[in-house]
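Keeping their order, the protein sequence lines are chains Z and H. Quick note on numbering: the numbering used here labels position 600 of the first sequence as 1170, and the sequence is numbered without any gaps. Quick note on numbering: the numbering used here labels position 34 of the second sequence as 980, and the sequence is numbered without any gaps.
Hints may be right or wrong, so weigh each one.
What the hints assert, rightly or not - Heads up, incomplete: computed chain H residues facing chain Z, CB under 8 Å, no partners named: (1) 950; (2) 954; (3) 958; (4) 961; (5) 965; (6) 967; (7) 968; (8) 969; (9) 970; (10) 972; (11) 981; (12) 986.
These are computed hints drawn from the structure, not numbers from a lab. None of these values were measured; they are calculated from a predicted model. From the three backbone atoms N, C-alpha and C, an ideal C-beta is built for every residue, glycine too.
Residue strings, one per chain:
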Amino acid sequence: MNQCIHCLQESYGEKFCCSGCEAAYHLIQGANLDSYYEKRICEDAFSKPVEAVDMDFAPYINETDEGLQVHFMVDGIHCAACVWLIEQILSKQKGVISARVNMTTKRLRVVWQPEEFTIQQIVQTVAGLGYRLMPYDPKLLESSDKKKERELLLCLAIAGFVSANVMLLSVAIWAGASAETLSLMQWFSALLALPGVAYAGQPFFKSAFNALKYRHINMDVPISLAVILTTVVSAYEMVFTQGETFFESAVMLLFFLLIGRYLEQKVQIKSRSIMESLSGLQITSASILEDGTLKAVPVKELKIGQILLVMPGEKIAADGKVINGDSSIDTAMLTGESIPQTVTEGSLVQAGCLNTEAAIQVEITAVGAQTALAQIADLVEKSTQVRNAYTPLADRVAKLYAPVVHTLALLTLIGWMLNGSSFHDALLYAVAVLIVTCPCAIALAIPTVAVATASSLFKRGIILKSATALERLTRVQRVAFDKTGTLTLGAQHLIEPSDDTIFELAVSLAANSTHPLSVGLVKACNKPITPFQDVKDFPGRGLKTIYKGEELLLGSAEFCGVDGVSMQKKDTIRNQMWFRRGENTLVCFEFEDALRPDAKEVITFLKYRHYSPTILSGDRETPVAAIAKDIGVEEYHFLLSPKAKHDMLEKMGKDEKVMMVGDGINDAPALSTAYVSMAPASSSDMAQVAADIIFQGRSLKAVPIVLLTAQKADKVTKANFMLALSYNSVAIPLAIMGYISPLWAAVFMSASSITVMLNALRMTRGVTWRS
Amino acid sequence: MEVLVYLIPIAIFMGLLGLGAFIWALKSGQFDDLDGAASRILFDDDPIEDEEEKKTDVQ
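Turn these sequences into a full structure, and let the hints steer you where they fit.
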């Protein structure tokens, strides 16, 4: 089998797999941009050119001084070469003023002059290259994130500037500056530190204030208290008693904490923008037939009685009855059923199913909340609310830590006063306790590990959607898998490919159809073949052509006129496709849903680590049992409805912490009920919304990788806590006894923070998993 | 040591200039796409040239 020059996918044409790729290639050549093919460095297959989405763009267009402007989310960007190609091809068009792709968020912004170029042309040009575009309103989607990120970065810059300068001045103080110089240095320090703290401390003060307002305690409460007290007491000391000041500790504390906070937010924004793109790019419009004309309507505005036109490869947008056309539909996402179902006039279809073969017309019988899909969504929402009650480790630590520290400071104050010190001295000692116990290292211990882990997983195509997923992963005792699409690839795989002429003829015929079995047959062929030209398609049944005077038939047993005797010879649990040549030759091709690579090794690993793998499938017993036996899973459940899967996980969840891995719409309620959940990037949008973790790629090895990573992260976090606490255990007694000078406070604070950060860097290397 | 009275403000002023430059860069969006910026530098084609070409086309 050849490789398509443009999309790098398997192709049975000589150079291109389809006319779309050929057109894209010539478009690129024509624009003198063919160095694109040398520039791209990634090896994964590219997406094929797509039909441009036809929709009303007007609400997304806004005017600027230079021209009209629109923002798009772009699907299919792999590396910088894609960014380069999109920008170049658009900016070569007359009328386009600027086209800029943000590679981090995979968003495109185009400014153009409406007299010379239309938005439809923009969408068509880019779609013709293989990238899907979806307009979005930047005000709704990203402005708050962007603003927050900029604010944090600004705070970080100010804290960095102030702490570096105050530190320089403090060196002079520590070196033993004489009275006047000391006073000068202190005044300059205060001049920098006071506005610096007031501005850069805002993220913490705001969050602490909000927590207190709702009678919670988070880490920001002790942090804010320590920073504010330190600054205020230092200022007071400087003005009234010419005593010691702790400005440098206060600003450095903020600087370190802001680094942690900024990194944390960056990872969050990145995974959120990927999630937004994933859900935003799902089809949101449907085509309806009205008075003989075709109209694109948003899914939300569909009404009962309207006629939907569903093209092959499209999802059905609403529940309904087929009124015209024959096809087969893939219900795997909704039911877990692995064999496509044949539909014909009068068949009932459900929203969320995929039409595979030929266009059908569907009369809508239910929309919105009445569809089976909406009922599943409802179930997902209910169970998601229950799960959100999980308290992150950081907050639990804060709850424990804050009262202890504040009591200690209070006791120090009372202790020294009882001991005969003045209130002023006793207060200073108490503040010193607050400064050294300020949970800088502890506040950094969790987020730095979380950030390092998330970015190392990110590089391997695993996106952590939920911040607490890692913590929950460490407690998992059982891993439940869905079958179709999760353990298997959800694609039909020919069991015994051959290379005789009969097989080649069958493949040449199959190349004319988009039925999953035909696609599986073509994929199994490793030679270039020429598809037959004159083929008659009977959607849902088979294909027919005449070759050298003989009739060739490919399709169901009935279609090929297979008699009962030959039927019985064959195993009926597998998907079959028959091929007849003339009167005599009759061949049966058998298919199975191929396992994901590594599925067996992953199960072996899980069993070895006592994770009790389990299969929960909506499919029939025979295929489920066959897969379970094949990969060595002892416990399996079949014919489960979405509700039954959800109930099953609820039941299991009472005794054990269960992790669910699933991809279909029917898995979504189970995913949101499970203690932790994972979904492949190829899964339905509903499953992706419900899952905590999304993994890309074909292999299932993401499951052991996240489990091992979570364990390693847990170890590193605990080590971080030990480090932070050991600094505190030295510093607190010293502070209580009144031996802490500003110098020592600064040393303890920065040393502990830096050790914790360095330790967290261990997570960036990630874990290795070998079967 | 009186010289410190001038030198420290000068040092702080210079630091503030740097901070100002950073804030300007931040506000003008230079920190919005760090991944893209890292890769863009590797492509040697000059987009300005293309734009000039286009403009002459338009004329």
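Structure-based check of each hint:
Of the supplied interface hints, the one on residue 950/H holds, with its beta-carbon coming within about 7 Å of a beta-carbon of chain Z, less than 8 Å. Here the hint on residue 954/H is kept, as its CB sits about 6 Å from the closest CB of chain Z, short of 8 Å. The criterion of a C-beta within 8 Å of any C-beta in chain Z is met by residue 958/H, whose closest approach is roughly 6 Å, and the hint holds. At about 6 Å, the closest approach between the beta carbon of residue 961/H and any beta carbon in chain Z falls short of 8 Å, and the interface hint on this residue holds.
Among the interface hints, the one on residue 965/H holds; its C-beta lies about 5 Å from the nearest C-beta in chain Z, closer than the 8 Å criterion. Interface hint at residue 967/H: violated, since its Cβ lies 10 Å from the closest Cβ of chain Z, which is beyond the 8 Å cut-off. Residue-level restraint check for residue 968/H holds (minimum Cβ-Cβ distance to chain Z is 5 Å; threshold 8 Å). With a cut of 8 Å, the hint placing residue 969/H at the interface with chain Z holds, because the nearest CB-to-CB distance is about 6 Å.
With its C-beta approaching chain Z no nearer than about 11 Å, residue 970/H sits outside the 8 Å limit, and its interface hint is violated. For residue 972/H, the interface hint holds, the least distance from its beta-carbon to any beta-carbon of chain Z being 6 Å, beneath 8 Å. Annotation: residue 981/H was flagged as interfacial toward chain Z, and the flag holds, the nearest CB pair being 5 Å apart, inside 8 Å. For the restraint placing residue 986/H at the interface with chain Z, the shortest Cβ-Cβ distance is roughly 7 Å, inside the 8 Å limit, so the hint holds.
When the structure is compared with the earlier hints, violations turn up for hints 6, 9 and for no others.
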